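The listed protein sequences correspond, in order, to chains A and B. Using the working numbering, the letters of the first sequence correspond one by one to residues 613 to 1138. Using the working numbering, the letters of the second sequence correspond one by one to residues 613 to 1138.
Bear in mind the hints are in silico, worked out from the structure with no lab data behind them. A couple of the hints might just be wrong.
All copies of an identical chain are treated as equivalent in the list; a pair is satisfied when it fits inside any one copy or across any two copies.
To be verified - Calculated cross-link-like contacts (lysine-lysine; reagent style DSSO-like; alpha-carbon spacing at most 27 Å): (1) K850 / K838; (2) K810 / K756; (3) K810 / K794; (4) K756 / K979.
As the structure is a computational prediction, the values presented were derived from the model and not from experiment.
There are 2 protein chains.
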Amino acid sequence: MNWKNLDATESFELLKAHDRVDLSTAMAGESGAKRVAEYRIPMGCGLVYSYAAKQVDDEILDILQALADEQQLTQKYEELYNGGIVNTGESRMVLHQLCRGQLGKDVFHNGVNKREFFVTQQNRIAEFANKVHNGELLNEKGEKYNTVVQIGIGGSDLGPRALYIALENWARVTGNLKMEAKFISNVDPDDASAVLEKVDIPHAIFIVVSKSGTTLETLTNETFVKNAIKAAGCEVSKHMAAVTSETSPLAGNPEYLDSFYMDDFIGGRYSSSSAVGGAVLSLAFGPEIFARILNGAAEEDKLAKNPNVRENADLLDALIGVYERNVFGYPMTAVLPYSQALSRFPAHLQQLDMESNGKHVNRFGEKLNYQTGPIIYGEPGTNGQHSFYQLLHQGTQIVPMQFVGFRKSQRGDDVEIQGTTSQQKLSANVAAQIVAFATGKNDENPNKVFEGQRPSSIIVGDQLIPETLGALLAHFENKVMFQGFTWNINSFDQEGVQLGKVLANKVLANDTDGALAGYSEMLSIF
Amino acid sequence: MNWKNLDATESFELLKAHDRVDLSTAMAGESGAKRVAEYRIPMGCGLVYSYAAKQVDDEILDILQALADEQQLTQKYEELYNGGIVNTGESRMVLHQLCRGQLGKDVFHNGVNKREFFVTQQNRIAEFANKVHNGELLNEKGEKYNTVVQIGIGGSDLGPRALYIALENWARVTGNLKMEAKFISNVDPDDASAVLEKVDIPHAIFIVVSKSGTTLETLTNETFVKNAIKAAGCEVSKHMAAVTSETSPLAGNPEYLDSFYMDDFIGGRYSSSSAVGGAVLSLAFGPEIFARILNGAAEEDKLAKNPNVRENADLLDALIGVYERNVFGYPMTAVLPYSQALSRFPAHLQQLDMESNGKHVNRFGEKLNYQTGPIIYGEPGTNGQHSFYQLLHQGTQIVPMQFVGFRKSQRGDDVEIQGTTSQQKLSANVAAQIVAFATGKNDENPNKVFEGQRPSSIIVGDQLIPETLGALLAHFENKVMFQGFTWNINSFDQEGVQLGKVLANKVLANDTDGALAGYSEMLSIF
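Just chain A, with the same shape it has in the complex:
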């Protein structure tokens, strides 16, 4: 494999030198209609990726293809799913896709077939969840459980929480909500305390989730919860389970109902497909629903193998993002789902993307001379339109946008006003925004001028259901992976979180001087 920096490639030079697309012109009139019709790629589960409103044309697509080829992006993906040590910093394989399906060769570690390992955990979780749902497993009073509470932070929280919120209402109306799920993450005691107040503890299962089994926040909240369980007159052993790696101090705790395993080859931010998402989502919705999410992701993973950028949405989305970051110099991307159910999906993508690609050295530890991962943020539309879109339309900083929309609502409960339903209004707004951002509008009054040239893409699906959610999740994971390959960075470690931990421990040991002592005093820590 040829691992080289972006600025060592010939295609990057071509990309920089090439004329830029005038988006206002390109998206106007017949040219716009043609782009919308042609610049789209089918994704998994009926999703479509439309990049008509991105600053690309056929020639630029050719250069992006050359860049994909030169950086061997799909070959590197193949290397990854065949068990290559792609996480070089930590000398580890990267196997989250293997939770969803076998994309290539069998992958072994210490003689264990890893696909079998993941499936075994899925089956163990399914069995556990089924027992909870059918009443084989009951609490100390012989009563059924009705709530599951995930205790985890970062990757053990954001992804599973976003997926739960994404399907909660769909599950409610389709009869698939088996247990309500809640989440405790922050070390702020007000978080655990407030969540616990609303939990029916005697009928709750708490899942402690930490890959290392040493995450400070999670261990603290574990104790918080244990105290609450005891205070409610219940037995800890009837109310707790763990998701962790087999070698962690949390593994196989005899005090717990059960323990389910992930491994070192799945990073926290990629762990929604593993037992980290599997346990809470299987308990909440049933194992069949979790399996449908995985199937959707697996379908997208397969499409990501295609080396043709015009047919591989994950790959092209990645490359257009690099073009925007390194040629246009745009420092961020907004993720704007027109679906209230995806309200926390941007927060998950924020971790996924920024923790993976917020790096200043390449995979060999050499400092880079170009920009890497962008800042990611977002809120659902139409809410965002009434909030920060003013800056996106008329501010001095161009922010590329990633829209998501669905043709049908999840609940099917709607109202018609002025001749259209809410769902039609929602979709009309996202269509209007894409065109408004791209084409802009002139006016005699400069305060009413929209300069346009704001690039966006949209992923459109029929409805947000387990399969489409899985495909969406995999799309962004694969996009981030391809961008990491293009930038020649390791998207799978996170050394940047260490220094803060070290200094926090110094404060907690009351071993401070200088500024650290000053802040500790200001905050009256001791």
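Use these hints to put chain B onto chain A, whose structure you have.
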């Protein structure tokens, strides 16, 4: 008054030419301790603004003072609170501070003393809320109400919602939670449908909030809710109230329990202090608690009059932000509250800041040649540490940070592990992060190098209670105002939201061609 562009000032030239502070050096050792001790400003209600970890020194502070003087920032504030037509684009006064107190002269419009108008609305709301709480006002079955639901979007949603969430747990443990509040905002039918499913409609009051009375999302959701009220066998007239301007179509609806008024001199994103926040928060917590929020804000508003940048946190925070935006070129700011209760506060600030200062023309409609408002985003710590802080520490893009921390939790419910409480751990983490970001760390392994030089400030308070929340709200409102004055833009209009509305209406009228028709078809709108 002398309204001039930033790049027409002498002090901006001085600022650009001045040596930049090496933050890693400045924040190390004794120098760091000294900065933390000295670079702080008392704010309202015992809050402290600490800017030790910003890239300033005494000389730069002198230049920022000169810039404040040259741009007449506190004089312009005086002009604003004395009723000047500061919102020039819409020829309107800007009076949100007047909801909280009389800062200057009496302000009249059409013969009405505006302070008296706002107080009258507060009193009418207080009377209404008291009647609801003490059972004088009952539902059609003679039962007490227990829930209030705000129907609004943008400024009628984000601010009130953020404030409600900020105090909900505090109110719960201090016996001040009179009614639970919920919010419906998005035109996505899944939003209203899902919220309504969890509302006890026979005991709920729905407040329809729209200044203009014409907001599409809000009118749509009003009908959604009316249908639900009828479907629950209840009378609309016993379950709905309005907050709007006196001239709007929603005003004085005889079908409603009551209507409360704001006016055109308060922009949506500044309306939390008006009836827009007043009605829902007075019903949820009682009018005394809402009054305490306003008192906190009023205290901060008074401090913002001080022309000395070393004594006025709102002013200095604004100027440092301009320095970072226009000299360092940082395109965004992260807001990172170490308080789970402030989980939605960044979303409110995102609207407040980006909608106010995301402008490309000055207040006279002339195109600007410099950057204006930054992108704002954020999540609570310590959650963010396990998510996007990797990029903040080691990414290629520097992002200035605004931390918020409190010495005490709201609920006082805590657990001690490894010798420290969760609250201590929370505070230790924010102290550690500030120092880690500023000073960085060298290492033989480049992947473990932290370059430092990441600027941040922190606002520290004793506890998040109504007064401190009000002071915090006013701080950011005033900061945004001072930045707008510095950039010479109108922070109080939002022309940038219009084009999307026009195009969405074309789609809904099925009157499309070109790209707009293409997207409409892709989304199967008709």
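Legend entry - Copy assignment of K810 with K756, given that the CA separation must stay at most 27 Å: both (18 Å within a copy, 22 Å between copies)
Legend entry - Identical-chain pair category, K850 with K838, by Cα at 27 Å: For K850 and K838, the Cα distance is within 27 Å only inside one copy (11 Å; across copies 45 Å).
Legend entry - Homo-oligomer pair classification [K979, K756; C-alpha up to 27 Å]: neither (56 Å within a copy, 66 Å between copies)
Legend entry - Status of K794 relative to K810 across identical chains (alpha carbons, at most 27 Å): Classified as both: same-chain Cα gap 9 Å, cross-chain 16 Å, threshold 27 Å.
In the structure shown, a violation is registered for the earlier hint numbered 4 alone.
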